[in-house]
Amino acid sequence: DSGVTQTPKHLITATGQRVTLRCSPRSGDLSVYWYQQSLDQGLQFLIQYYNGEERAKGNILERFSAQQFPDLHSELNLSSLELGDSALYFCASSVRGTPYNEQFFGPGTRLTVL
Amino acid sequence: AQKVTQAQTEISVVEKEDVTLDCVYETRDTTYYLFWYKQPPSGELVFLIRRNSFDEQNEISGRYSWNFQKSTSSFNFTITASQVVDSAVYFCALENYGGATNKLIFGTGTLLAVQP
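Residue numbers (our numbering), protein chains in the order written: chain A, 447 to 560; chain B, 624 to 739.
In case anyone wonders, no lab produced these hints; they're calculated from the structure. One should not assume that every hint holds.
As the list claims (entries may be wrong) - Below are the DSS-like pairs computed for lysine-lysine, each with C-alpha atoms no more than 30 Å apart in a straight line:
#, chain 1, residue 1, chain 2, residue 2
1, A, 455, B, 661
2, A, 503, B, 639
3, A, 455, A, 503
4, B, 693, A, 455
5, A, 503, B, 661
In this text, all values refer to a predicted model and were calculated from it rather than measured experimentally.
If we strip away everything but chain A, and leave its shape as in the complex, we get:
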């Protein structure tokens, strides 16, 4: 158990809908990362937050947004969902979010868009 929690574990929704994925980092970790694992794109970095502020952005679609709250949990919002958004979404956390800080991964949220 990495100490990173993600809810829900599974999510099934329809095209055009909006969903929110939630992540609670390990106690003491200030940085949160979101990764998407899809058949087309493999495992890719989406976005990183550090202590409430966006630190780095990867190939995140404009329909997706994220936030880190004062209690350090993070939410990934996916809107106008398309079939291709079906994927496993991982959250990871680290202490400072700078190089050489190990990332710990949560169990993932499996999103299915029908």
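Fit chain B to the given chain A structure using the hints.
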């Protein structure tokens, strides 16, 4: 540009065989970290090893061993006497030293199937 290549898409072995998973990386950084993760059928990412670019010593942990060679930009992973429970997708990853961030760049993964 930073990139990780895992040329082996799928490998199938019979139990007790040794198997090596290849990983080749590209980076302009002189200091970086490399990782291996295991993803079993249940889907979670299991951390296996982290190695920094200054430490080229091979590492052994039980049936697992890693061979890091900077000269060939490779970080290969060997499982000795494979077992059915080793069946999983294995990812090699490079920590991107972007100054402010340490996002991971993953390879495409190698699916290892160990047959009884």
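Consistency of the hints with the structure:
no. : hint            : verdict
1   : A:455 <-> B:661 : holds, 19 Å
2   : A:503 <-> B:639 : violated, 43 Å
3   : A:455 <-> A:503 : holds, 24 Å
4   : B:693 <-> A:455 : violated, 39 Å
5   : A:503 <-> B:661 : holds, 25 Å
When the structure is compared with the earlier hints, violations turn up for hints 2, 4 and for no others.
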